[in-house]
Amino acid sequence: MGKLKTMQTKISVLIVDDEEIALKALTRILSTEGYDVVSAGKGEKAIKLIHSRWFDIILTDLLIDTISGLDVLEAAKKRYPETEVILLTGYGSVDSAIEATKRGAFHYLQKPVKPDELRNIVKRAVEKIQLTVKIQDLEAGNQNEFSSILGNSHKITDIKKLIWRIKDSDSNILITGESGTGKELVARAIHESSPKAQGKFLPFNCASFTDDLLANELFGHEKEAFTGATKSMSGLFESADKGTVFLDEVGDMSSAMQVKLLRVIQEREVIRVGGITPIPIDIRIIAATNKDLKKLCSKEYFRQDLYFRLNVISIHMPNLSERREDIPLLASHFLKLYSAKIGKNISGFSDEALGLLTSYEYPGNIRELENIVEHAVSMTNKQIINIENLPKDLVDYDLFTFHGQDEAFRTLAELEKEYIRWVLDYVGNKKNEAAKILGINRVSLYRKLKRFEFED
Amino acid sequence: MNKTNSKDWILLLLEDGVFHEESVYYAINLAKRIGCSISILMLMANAAHESEGLNNEQKIVKKIINAIKAEKINTQAKIKYGDKASEFLKHLAASKPSFAATVWGGREEFAAGHNFKKKDHWFLKIKANIQCPVVRPAAKDKFKPKLKIKN
Numbered sequence: 065m066g067k068l069k070t071m072q073t074k075i076s077v078l079i080v081d082d083e084e085i086a087l088k089a090l091t092r093i094l095s096t097e098g099y100d101v102v103s104a105g106k107g108e109k110a111i112k113l114i115h116s117r118w119f120d121i122i123l124t125d126l127l128i129d130t131i132s133g134l135d136v137l138e139a140a141k142k143r144y145p146e147t148e149v150i151l152l153t154g155y156g157s158v159d160s161a162i163e164a165t166k167r168g169a170f171h172y173l174q175k176p177v178k179p180d181e182l183r184n185i186v187k188r189a190v191e192k193i194q195l196t197v198k199i200q201d202l203e204a205g206n207q208n209e210f211s212s213i214l215g216n217s218h219k220i221t222d223i224k225k226l227i228w229r230i231k232d233s234d235s236n237i238l239i240t241g242e243s244g245t246g247k248e249l250v251a252r253a254i255h256e257s258s259p260k261a262q263g264k265f266l267p268f269n270c271a272s273f274t275d276d277l278l279a280n281e282l283f284g285h286e287k288e289a290f291t292g293a294t295k296s297m298s299g300l301f302e303s304a305d306k307g308t309v310f311l312d313e314v315g316d317m318s319s320a321m322q323v324k325l326l327r328v329i330q331e332r333e334v335i336r337v338g339g340i341t342p343i344p345i346d347i348r349i350i351a352a353t354n355k356d357l358k359k360l361c362s363k364e365y366f367r368q369d370l371y372f373r374l375n376v377i378s379i380h381m382p383n384l385s386e387r388r389e390d391i392p393l394l395a396s397h398f399l400k401l402y403s404a405k406i407g408k409n410i411s412g413f414s415d416e417a418l419g420l421l422t423s424y425e426y427p428g429n430i431r432e433l434e435n436i437v438e439h440a441v442s443m444t445n446k447q448i449i450n451i452e453n454l455p456k457d458l459v460d461y462d463l464f465t466f467h468g469q470d471e472a473f474r475t476l477a478e479l480e481k482e483y484i485r486w487v488l489d490y491v492g493n494k495k496n497e498a499a500k501i502l503g504i505n506r507v508s509l510y511r512k513l514k515r516f517e518f519e520d
Numbered sequence: 002m003n004k005t006n007s008k009d010w011i012l013l014l015l016e017d018g019v020f021h022e023e024s025v026y027y028a029i030n031l032a033k034r035i036g037c038s039i040s041i042l043m044l045m046a047n048a049a050h051e052s053e054g055l056n057n058e059q060k061i062v063k064k065i066i067n068a069i070k071a072e073k074i075n076t077q078a079k080i081k082y083g084d085k086a087s088e089f090l091k092h093l094a095a096s097k098p099s100f101a102a103t104v105w106g107g108r109e110e111f112a113a114g115h116n117f118k119k120k121d122h123w124f125l126k127i128k129a130n131i132q133c134p135v136v137r138p139a140a141k142d143k144f145k146p147k148l149k150i151k152n
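Sequence order for the protein chains is D and P.
The numbering of the first sequence is the working numbering, which starts it at 65 and goes up by one.
The numbering of the second sequence is the working numbering, which starts it at 2 and goes up by one.
To be clear, the hints were calculated from the coordinates, so they are not data collected in a lab.
Take every hint as true, because none was put in to throw you off.
Here are some of the chain P residues that sit facing chain D, going by a computed Cβ distance under 10 Å: (1) E23; (2) R34; (3) G36; (4) W105; (5) K141.
We treat Cβ as the ideally placed atom computed from N, Cα and C, and that holds for glycine.
Chain D extracted, bound-state conformation:
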């Protein structure tokens, strides 16, 4: 989305009409209302103005000259989708005006325009713009809430937005992604912004235990349930009541344990090992896996009913190599962290070192980057991390990598979308600069972005 102006600045209005008297009258009415008004008596001039600067609102006659009001609408929406367009129609062209609203126009006014009606409709357009700005500000502000999730890449920004959108929900969530991508960090951020934030967040790795131990840990046991059970003990689910349980490596759970977990989710109660009394619980489950559970379901290694219960909301954590633009930020975060910990005054990385860090493949993802930086901080005696402070195998080897999850061939359209977003992230969302790199004009770039928004 393009950036709307903040409401501290004047609202800009472009008025387009080939009737000079009407143009002057409309300009006068809106100028006295305090708007920043620009007028155009010809369609061509209007299009040029649209290409040269931003307008919050465009008021255009439907029938101008060789260029119609619909052309102005189209040009404006292509360039700045958030601009609100109001059409002025003569008697008998109401149908066209209705058609125009279907194409994205905010409203239409019948000529001759009554001043109060004009003021009212423009005011409503301003209110809509202010609302959009508020939503954008809110989204930007709330992304800052999740400061523990580092990164400004498109993929991470989308995840932060999603966490913000689901903050009032306590639906179960499935987080997928390779080891070391930060699944637990995201689960914690979800918990901390959720209605269950006052409760506990209890992480648990399902792959570390045998079935018996897993049942004992999750459900607890009654006294004398087995040899050595000298007293009754509550399990993880009970302990997390009114909070969140984070079940990592849920894809490694046995079929028998999957049935038990499904029962907990469905009945919202647990029965301790050796017990008969159900204990009601109020928990949210956030599950995580580095496996493709959908594929495991199709092979009947994972229960489909459990998959649907866990996957109410799904979040996929990208590999670090898919968000390289975040590497300098993450590296500098770890540099500060470990410099302070070790007690060294290190200000940054040499260009060569940062270049190598940014181009490495990271099969161990963020966990690996963190360790590389920690190691480099301990190795250097200078104020800058140089390439010789980085692990030798990073310097000596090229790494050919295959990521299992993306074995399917991708379409050109998918690659185009990914590349455009990557370029935009790289240039800090500066559309002009991105268009230059991509070798297309700004209009084409906006058109493509609009299409991606629709597809998403």
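Starting from the structure of chain D, add chain P where the hints point.
Then chain P, alone, in the frame of chain D:
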């Protein structure tokens, strides 16, 4: 720095009684960096029978185990005979937790990305079932012309 008694594992995959030094070296370094143990899997198309003592693949696996242990990294090893694709899949299915990464130390076919030089390579048949990153380290091209920086 040594966090290698972790519950997490990386897989070092070898084939036909041969190994690439750079793969072993890289696997050791990766294991240290991400705090993993190393599971070695040697896939053999056929079993070789030695009249006495260890056969070739056993000797190689032993040598690698010693190299890994010398770095104080926890390790385990298996040699599997038969169809490589199905043996590999069986090994993946039986391993819990699943591997954080696989370091390819097998034959040279694994080149860049999805490409294998031989289109009928066994890995291509099962690649859709691999759910962790597979990496193959290779020494950087020493013959690549270096950038000359003008003063």
